[in-house]
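Participant: Given the coordinates of chain H, work out where chains R and P should sit on it, guided by the hints.
Listed below are the residues making up each chain.
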Amino acid sequence: MNELYITPEFEVVRNENRCIACRVCERQCANEVHSFDETRGVLRSDEIRCVNCQRCVSLCPTHALKIVKNNCTLRENANWQNATIKEIYKQANTGGVLLSSMGNPKPMPVYWDKILINASQVTNPPIDPLREPMETRVFLGKKPDVLRRGADGKLLTDLEPQLSLSMPVMFSAMSYGSISYNAHASLAAAAEALGILYNTGEGGLHEDFYRYGANTIVQVASGRFGVYEDYLNAGAAIEIKMGQGAKPGIGGHLPGAKIVGDVSRTRMIPEGTDAISPAPHHDIYSIEDLRQLVYSLKEATDYKKPVIVKVAAVHNIAAIASGVARSGADIIAIDGFRGGTGAAPTRIRDHVGIPIELALAAVDQRLRDEGIRNNVSLVVGGSIRSAADVVKAVALGADACYIATAALLALGCHLCRTCQSGKCNWGIATQRADLVKRLNPEIGKERLCNLMTAWRHEIMEIMGGMGINSIETLRGNRLMLRGIGLSEKELSILGIMHAGE
Amino acid sequence: MKKEGEIRIPSGCAIAAVISKEGKRMNGDGIVRSMVPMHERSNGLGGGFAAYGIYPQYRDFYAFHLFFDSRDVRKDCEAFLRERFEIVHAERMPTRKIPQITDEPMIWRYFLAPLPSAVAAMQVDEKEYVMRTVMQINSEKNGCYVFSSGKNMGCFKAVGYPEDVGEFYRLDEYEGYCWTAHGRYPTNTPGWWGGAHPFSLLDASVVHNGEISSYDANRRFIEMFGYHCTLQTDTEVITYIMDYLLRRKGLTLQEAAAVIAAPFWSTIEAKTDAREREQYAFLRMVFPSLLVTGPFSIVFAFDGGLMALNDRLKLRSMVVGEKDDKVFIASEESAIRVMAPDAENIWSPAGGEPVIVRVKEGAKL
Amino acid sequence: MKRIYVNEDWCLGCHLCEYNCAFANSGEADMAAALKGKPLFPRIHIEEGDKICYAVSCRHCEDPLCVKSCIAGALQVKDGVITVDQSRCVGCLTCVLVCPYGALAPNENGVMQKCELCLQNSCGEPACVKGCPNRAIVFEERSAVL
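Chains as they are written, first to last, in the numbering used here: chain H, 11 to 511; chain R, 18 to 382; chain P, 34 to 179.
In isolation and in its complexed conformation, chain H is listed as follows:
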């Protein structure tokens, strides 16, 4: 008996005066919460199945529906909170590891919200982005140590491969399999239209999307799913995934139920087999092994693609990043502990890793202390929620940000955090054809473009306020930041002063 003591988390409140029994809720709920009582002509709810994804609420034409937190709770206990007790019941029922999706929902400190941005007053002028040029273009990649000149005295302009971005934001890795074909189609098309990049994640690259290669980062993870020569050469860059912020220390898990049809072909594994990425890369047990893989990939792609090494933000991140910077990587991507996932053990998601703000500040400073910041670009992810977060990340020292949750929200995700079920009612984290078609990539692309365009405008407004008209002079410009309500230690790690100083 797997459902003993498990009570509904939510309550479906249906306003019977408004409900016209159109049954759109019933048709749209893959969890089968709603059903129609033919004899009485009314809709019923089975709330135990409800995940509060809000699909029914959004589509109800008469706004007759509300999903609210079930106020039937256990006796209050500050130590043994409801959620904790429910988790114990679940584990007692099943004997299993608890699974969760998307980012850490715990009330951990969000440093972005404790950092304030500067603006010019009197001593230098703010710049109006509506009237003056305002540049957000960035290049990611290694910068040369030595400049060389040709016989004519002109500088030789050959560079290690660089990625050009119209703004310092990219769509982070989400594999085909963990998200749908249409979600990938939306991300790819939007990246191309915006002049940025998206990331295949570890599930390989669907043959339909090879045409977006110039805007694609292809990922090589420990499972090596879908990796072959054409794949490596298809993208603009290759990312070695060493870790992920939501689940540092473990690999991606995609249940066999999602390995169907094209997902199986793209991953190059048989249908129905679980795709369990090993926790480590079994050819990388140390930093020198990473260097080998970096150069193997460069060799395989004729040194034309920058190699990104993505690591989760863990305690020793500064030293790890320093090692990675010396391993031949062109770009380091750091993923903070609030980053999302399609499925992770709950305990790992909620308790392992450190916030991206601190990791970024520590890594940027460490690389500068060692004089090797120029060897690599830094990309950070793990809950970048707005243009303000992007500005703060860049000012702390990031070259660019990775966003994934924000991108999924633009596509319709309502953060119900049950991606692992494979029954995403929004057509994103699912492979069920009837659900996948709910995400029209034409709409998806438009919404992603809108979101990024809006952020770009906001970034330009904030930069202009600071008297900065090019994103490169914001990068690492920590004087533009002040902390609010932070301890001396936190300020010193972030390398910023307190507000008022």
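Please keep in mind that the hints were generated in silico from the structure rather than gathered at the bench.
Everything numeric in this text was worked out from a predicted model, so none of it was measured.
Errors might be hidden in some of the hints.
Mimicking SDA-like on lysine to any residue, the simulated pairs with C-alpha atoms at most 20 Å apart in a straight line are [stated by the list, open to error]:
{"id": "1", "chain 1": "R", "residue 1": "K38", "chain 2": "R", "residue 2": "L270"}
{"id": "2", "chain 1": "R", "residue 1": "K266", "chain 2": "H", "residue 2": "V156"}
{"id": "3", "chain 1": "R", "residue 1": "K288", "chain 2": "H", "residue 2": "T167"}
Derived DEER-like restraints, expressed as beta-carbon distance ranges [what the hints assert, rightly or not]:
{"id": "4", "chain 1": "H", "residue 1": "A203", "chain 2": "P", "residue 2": "L73", "range": "39 to 45 Å"}
{"id": "5", "chain 1": "H", "residue 1": "V132", "chain 2": "R", "residue 2": "V53", "range": "24 to 30 Å"}
{"id": "6", "chain 1": "H", "residue 1": "E380", "chain 2": "R", "residue 2": "G379", "range": "44 to 50 Å"}
Don't be surprised by glycine CBs; every beta carbon is placed ideally from N, CA and C.
Facilitator: Frame of chain H; chains R and P shown alone:
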């Protein structure tokens, strides 16, 4: 209240410069007087001058100008210098007591020859050796400060209005082929002598008017390469950037200008010459952290020439004029007219467009 | 001329178009008041098979069989839009027989009604298009006319 170097202090300013393309020497009187009509651009909290060609008798030695807080500090610092240099000549800086300039520190100058064995031991070239010595004194030794370290040139600066500073240092008694001047309008601080401008390192000196918004991005980048921004001023960081680009990276002045006042991408892309487009794009891609944004007008002076440069939006005034063999640069035309009432070809250079003047080849400096 | 087109790839079979259509043509200001507890007579309807679904409504053919076949002259073409003059309709259902798309159906009183692109009702633009959550129904100009 925190003093200069412990906190970043923005300031407005006046700048002026003159150079003889023939390498003819002129005394400091003209440049000092040129600052008078721009009096309102300073607030008495800092003024200074840089002069080139003033120490011909010591042209082969590094001329160090130092401020000391006390005699003990001086003794200690001299011992440190002696470990690294042969002190060819040392003397108290000649000054004139005037009521406008008070609270002066001990000011000394030294003419130094690096000890070849010490240079060899550090495995760097002589200039790098001198630079590191300056950095070490300024960042590690309390109570003393090197404010000039080039050959056959010198910086003279103090808390006060620039015209008074000129009189204090008896600049009318020096003859140089190139002079730059600075009057400062800091927005707080009681003023510290070391914080006045010009700022100089080796032969290079910078006078600057503006408040750059890129400061910390520039500082944190340049500090990777052994520079220590002890003063937290724009001028200091710009001086180090120029030193890094010209001396360490071997860029030309035009290339360095294309880094710190880089053309907008739209401008680069509109260039019809593909080679030129590539060069500009290359410099922006390689040195993104050395772009300087926010308002500035600077005069960067060096052995045998100078470069004037405005930020790419031209957010600070700067005019250039000529008369005979001389080129004049100043925040205001009035300053040029003081030095040369009949100056010609007065123009206002566009933002990001460097004005480079060199003494003609063969002139004895 | 702008017409309503349906892309079955994106049709979710949610039937919202039917309700939006019926509401737009109800004359009521509130959807619940218009549709609650009443049988639905929309001018668009969803065809559903095993794995496919799509909405069907009048295509406003350039050479409309329904207009030709109407024995009472109730069906007319105005500026390319096929409209029905309900006062003339005699309820013979000939138009239902001849329409190759199944786009016509009688209303609750047995009088013919059909999609008139919401030009005459309060919506002002096709309500099915406006309310489609997945852009499966679009209202646009296309060169090739079916």
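Participant: Does each hint hold? Answer for all of them.
Facilitator: Hint-by-hint comparison with the structure:
no.	hint	result
1	R:K38 to R:L270	17 Å, holds
2	R:K266 to H:V156	7 Å, holds
3	R:K288 to H:T167	16 Å, holds
4	H:A203 to P:L73: 39 to 45 Å	40 Å, holds
5	H:V132 to R:V53: 24 to 30 Å	26 Å, holds
6	H:E380 to R:G379: 44 to 50 Å	46 Å, holds
Of the hints listed earlier, there is not a single one the structure fails to meet.
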